[in-house]
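Assemble the dimeric complex from its two separately framed chains, guided by the hints.
The listed protein sequences derive, respectively, from chains A and B.
Count the first sequence with this note's numbering and you get residues 1 to 317, in order.
Count the second sequence with this note's numbering and you get residues 1 to 328, in order.
Since the hints were derived computationally from the structure, they do not count as laboratory data.
As the structure is a prediction and not an experimental result, all values here were calculated from the model.
Among the hints, a few may not be true.
[What the hints assert, rightly or not] With the Cβ distance kept under 8 Å, some of the chain B side facing chain A (calculated, not the full set):
(1) 56
(2) 60
(3) 123
[Said to hold, decoys possible] Not close to chain A: a few residues of chain B, all C-beta gaps over 12 Å, as computed:
(4) 15
(5) 93
(6) 116
(7) 119
(8) 291
Even glycine gets a Cβ: it sits at the ideal position worked out from N, Cα and C.
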Amino acid sequence: MADEVVIKAEGLTKRYGETLAVDHIDLAVNAGEIVGILGPNGSGKTTTILMLLGLTEPTSGRALVAGFDPLRAPLEVKRRVGYLPDQIGFYDGLSARDNLAYTGRLAGLSRPEIDERFTAALGRVGLGDVGRARVATFSQGMRQRLGLAEILMKRPSVAILDEPTTALDPHSTQEFLEMIRRLKADGTAVLLSSHHLDQVQSVCDRVALFNRGRIVLSGTVTELAGRVLGGGHVIDVEVRGASVEQRLAAMPGIVRVQTLGLGQDSQRYRVDCASDLRSEIARRLASEVELIGLHFAAPSLNEVYNRYFEEARNVAQ
Amino acid sequence: MSRSETGAGPDRKRLGSPWTGLGAVVAKETADHLSSARMRILEALVFLTAIAAAYAAIRSIRATIGESPFLFLRLLTFSQDPLPSFIALLGFLIPLVAIALSFDAINGEFNRRTMSRILAQPIYRDALLLGKFFAGLLALTIGLVSLWLLVLGLGLLLLGLPPSTEETVRMLGFLVATIAFGGVWLAVALLFSVVFRAPATAALAALGAWLLFALFWSVITPLVANLIAGPPEGVFGPRMEFLEVQQIIDRLSPNTLYAESALALLHPATRALGPVLISQLQGALLGAPLPASQSFILIWPQLTGLIAATIVIFVIAYIAFQRQEIRA
Chain A
1 MADEVVIKAE
11 GLTKRYGETL
21 AVDHIDLAVN
31 AGEIVGILGP
41 NGSGKTTTIL
51 MLLGLTEPTS
61 GRALVAGFDP
71 LRAPLEVKRR
81 VGYLPDQIGF
91 YDGLSARDNL
101 AYTGRLAGLS
111 RPEIDERFTA
121 ALGRVGLGDV
131 GRARVATFSQ
141 GMRQRLGLAE
151 ILMKRPSVAI
161 LDEPTTALDP
171 HSTQEFLEMI
181 RRLKADGTAV
191 LLSSHHLDQV
201 QSVCDRVALF
211 NRGRIVLSGT
221 VTELAGRVLG
231 GGHVIDVEVR
241 GASVEQRLAA
251 MPGIVRVQTL
261 GLGQDSQRYR
271 VDCASDLRSE
281 IARRLASEVE
291 LIGLHFAAPS
301 LNEVYNRYFE
311 EARNVAQ
Chain B
1 MSRSETGAGP
11 DRKRLGSPWT
21 GLGAVVAKET
31 ADHLSSARMR
41 ILEALVFLTA
51 IAAAYAAIRS
61 IRATIGESPF
71 LFLRLLTFSQ
81 DPLPSFIALL
91 GFLIPLVAIA
101 LSFDAINGEF
111 NRRTMSRILA
121 QPIYRDALLL
131 GKFFAGLLAL
141 TIGLVSLWLL
151 VLGLGLLLLG
161 LPPSTEETVR
171 MLGFLVATIA
181 FGGVWLAVAL
191 LFSVVFRAPA
201 TAALAALGAW
211 LLFALFWSVI
221 TPLVANLIAG
231 PPEGVFGPRM
241 EFLEVQQIID
251 RLSPNTLYAE
261 SALALLHPAT
271 RALGPVLISQ
281 LQGALLGAPL
291 PASQSFILIW
301 PQLTGLIAAT
311 IVIFVIAYIA
321 FQRQEIRA
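Bound-form chain B, shown alone (with noise of 0.2 Å):
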């Protein structure tokens, strides 16, 4: 590519924004995944089956009404067999609408044949790389929301409440939390995109960091975690060494950072996200939920983890498109 597009050098730095017809391009790849039939097909999937866990969930909590301050939370968070909870299901289905989002937003314009076309027009590479990436949080966001809305609004009509602050507050940290995660998502199948040509190979690829983080990751970490640290066990019982490098591991999938934001954001008692000490419990009432800021502050670092991660794989995916020779 084009160190044109970028500029090189005091004396050849590019005129013009590089935002120039980004809204046109998010404008347009918002309405094609929201017209398109992948997408309509991901919703259905996801609706069904999100709006599923919950109506188990309700049918379960109506018994037990005026055991727990937090009705709605568990709405989220309570399994039912055959059923996974809500959150075990976005958490499983996100990442998937994700990718089906854009594996192919790149690779798709070369084989379409519409990149060098798309790339004459008076704009840089990186409102189209932007601009699909948006476009994608967008509809993702669109459908997230929506979904959020429908399980508030099933549970007013079956539980007979309305939220109360705390939830509320709570439920929209999740949103942005879910929202995050599927970003880093969207970032990877973007990167994939712009590094295969073939989406068939981009998709793939996406696929199985997926299926690494959400399945394999769990047993590679105790792994590593004994190479670098030793032995889980000491002498006088697990190693704070081994536990802290193994979360260290943990931590660097969006898995596990969404899936500790969920817990910290849904479970209100859960007052570390690690291993606890002895003395860190002492005065602490066991079971006292947390107000919702002390949970926002807990799971800071994750949220910001899952943003970072975003940002850092689309830069990597941005510098490998600018890297390209267009010129189909």
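For reference, chain A alone in the conformation it holds in the complex (with noise of 0.2 Å):
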């Protein structure tokens, strides 16, 4: 199951007159797999996600999910893929069960289901005991959490979530990462769209990164930090004494150095070579300086992201 395709793009374009929103993306999703599609504002992510679900028509190019053309059979899609857009709204003067029967409704549920569903849905995000209040009185984390349920109810084989803790707090945040985690545990392919880079290096597989409508990289973040860092090696290198960061600069193999922190009597810097220099690094600094500290950092969605985005402003200027 976790090697069937439940999307797939394929030269998915979508043109608005003269703008190009997206330019031939390919994407595949395996079931059970969290990809994060990542990007900066007006980069061709929303667009994706509406074309994906049939809300909007690609110019050209073709999509699949859970086995159904968005175009073509919009209703089996829908009834396949759970959606969580960014700002989620409700019916204020209904309670989350009436908000989430009426979608329960328009999924096709029976009564019976509905209130099965909704009890467990409500259960599993935390919201068991508001099920009767009026989500007018709801915080805006009880409003993502009870999106998120809604997309439990409707048991689906691919879930869409674009910006989902937006407007959450540090610990809601975590409480909705974990059950983004469940998802995929139950089987469920997710689509997580977000600004939050740390959140997506935490809960996904694979990233696509997209800009100017296009999908410029994608793979792991391992895979990413290898094409953008160079290498894919990342060393933290942990000092007392005087500044070594030129020094660490000219060695051979070291693509940049970057200062992490300058402490009372010690210094950090991240590394990022070609091959693993840590024994290099080692006896060029132990003659100098004291050495800490010389370990392999996991390499940074942060860092890729933001490396990626200077090297294209440097090529565009």
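Quick look at the structure:
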């Protein structure tokens, strides 16, 4: 099941007049996989989501979602896809139950099915005791959870989450990310659009980076780091004594040195290098400073993202 | 929008019924209308004024029982200062109720940010738009039928007479014409709710259209007719050409179509809805009532016009809605 492709886009393109919003993107997501889609505002993420949902028509290319073409069979696609839009809205005058019962009826669920699934879904997102309360009394975090409960009620094979944690506090964010992991454990494929790169990195198996309507990078974070940061080896160095930034930067094989922090008696650097240079770094620095720490750092999606767009800007200039 | 949802070309024809989910939308929207404070206030306003007008009419009519075979119809058309007649009040208030029911039907979904969530469910936009229209019409119908029964009951109680079959049929016809009239204004407000993202703008535009037809149309029509057909008076008196053009322009207004329908149905002696030539009156018994069937033939074009206007305006709203991007 894990190798079953549930989202497949080939050459998907969307043009609004002269503006090319999405430019020939190819994307594949397997069942039980969490794929993050990243990129600046206006890079085509939401338009891609709308095309996958059948809410807007591609100018060219095609997509298959849960085995159906969103262009020809949008109802079949929507039956199998749960969607959590950014800044989700509910009918404030209705209770949580009535809101979800309405979308449940639209989804074709019977009354007993709605009752059974509603209780289970609300319990799972931690809103079990407020099902009868009016949504007007809900905080933004509770609304996001209710949106996720709506997806759970549908028991979809694909969940598309657009900026789901934007309005959440850190604790709620962690809980929400855990719920997303549980969706994956259920075998649901998750397409997660977010600007919070640390969160994407913590839950996603793969990421696709959008820029100007195109997917410019895709793969695991390690793969992206290899391509963007150079070689993919990131080493954290901590020393006591004089600054070694220039000395490190001058070493062959080192692509970039970043100062992470200067303490009272120690300094930390992050070094991107083409190969494992830990022993070389240790040998060079040992005679000059006191080496406190030297270890691999997990490549950060944040660094990959920032470096990519920094270079893209440089190329554009 | 999404030609994806309308399907473009034979190989891209969309699958599944466009009415999937229609029942759920109608049920939810109708429940919202019937339980909303807005609807209750409007209902109270309509009921109070209409019942007051009917009650005032009954008090006057009671003194003349036996003079007219159509007491119940007089109950609807009789006016006594300071209150206008029951039908005049309805003609004034029904558009307001209809506008209040649907001026925020579509833009409200965008503003609440529920639109994308709702359309991400397995329904087409067709079902959402039509469901909202049907729900508005159903809420309006429930209110009007209740009012109709209330007036009938009031008449029974205070006049002490049941309505004749002829009167009941004519009153039912009037009820249908009123619902059709309400349908036009529902469609107008729905259209503005699609076109304008701000509900206040949509409401203002719909009220502007209502004011145009309710107050200014009768001022505009002779002016436009004069421009098209020349002066109203000729050497031999009123010019037929002018009157015909004026009537055509006048009938572009749903208010005119409704007023003519009400006139023919509730005044059985009405034999024509427009200029009457002397030759047409030869052999006619002036003041003699027409059978209900003849009155229905008389108003058939008006009734068809109201329904056609509703359909045309709804189709424009439908096309505009289908072309919109769903991002909220």
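Fill in: Restraint outcome when residue 123 (chain B) is required to lie within 8 Å of chain A by C-beta distance
5 Å, holds
Worksheet item: Taking C-beta pairs only, is residue 15 (chain B) more than 12 Å away from all of chain A?
Response: 4 Å, violated
Discussion item. Beyond 12 Å on every Cβ pair: is that true for residue 291 (chain B) relative to chain A?
Written reply: Per Cβ check, residue 291 (chain B) is outside 12 Å of chain A; nearest 47 Å; holds.
Worksheet entry | Non-interface claim for residue 93 (chain B) versus chain A (Cβ beyond 12 Å) | 25 Å, holds
Worksheet item: Are all C-beta atoms of chain A more than 12 Å from that of residue 119 (chain B)?
Response: Its Cβ does come within 12 Å of chain A, the nearest being 6 Å, so this is violated.
Worksheet item: Should the interface hint for residue 56 (chain B) be scored as holding, given a Cβ-Cβ cut-off of 8 Å against chain A?
Response: 38 Å, violated
Item to complete: Go through the hint on residue 60 (chain B) and say holds or violated, using the shortest Cβ distance to chain A against 8 Å.
Response: 44 Å, violated
Worksheet item: Taking the closest pair, is the beta carbon of residue 116 (chain B) still more than 12 Å from chain A?
Response: 5 Å, violated
The structure fails to meet hints 1, 2, 4, 6 and 7 from the earlier list, while all remaining hints are met.
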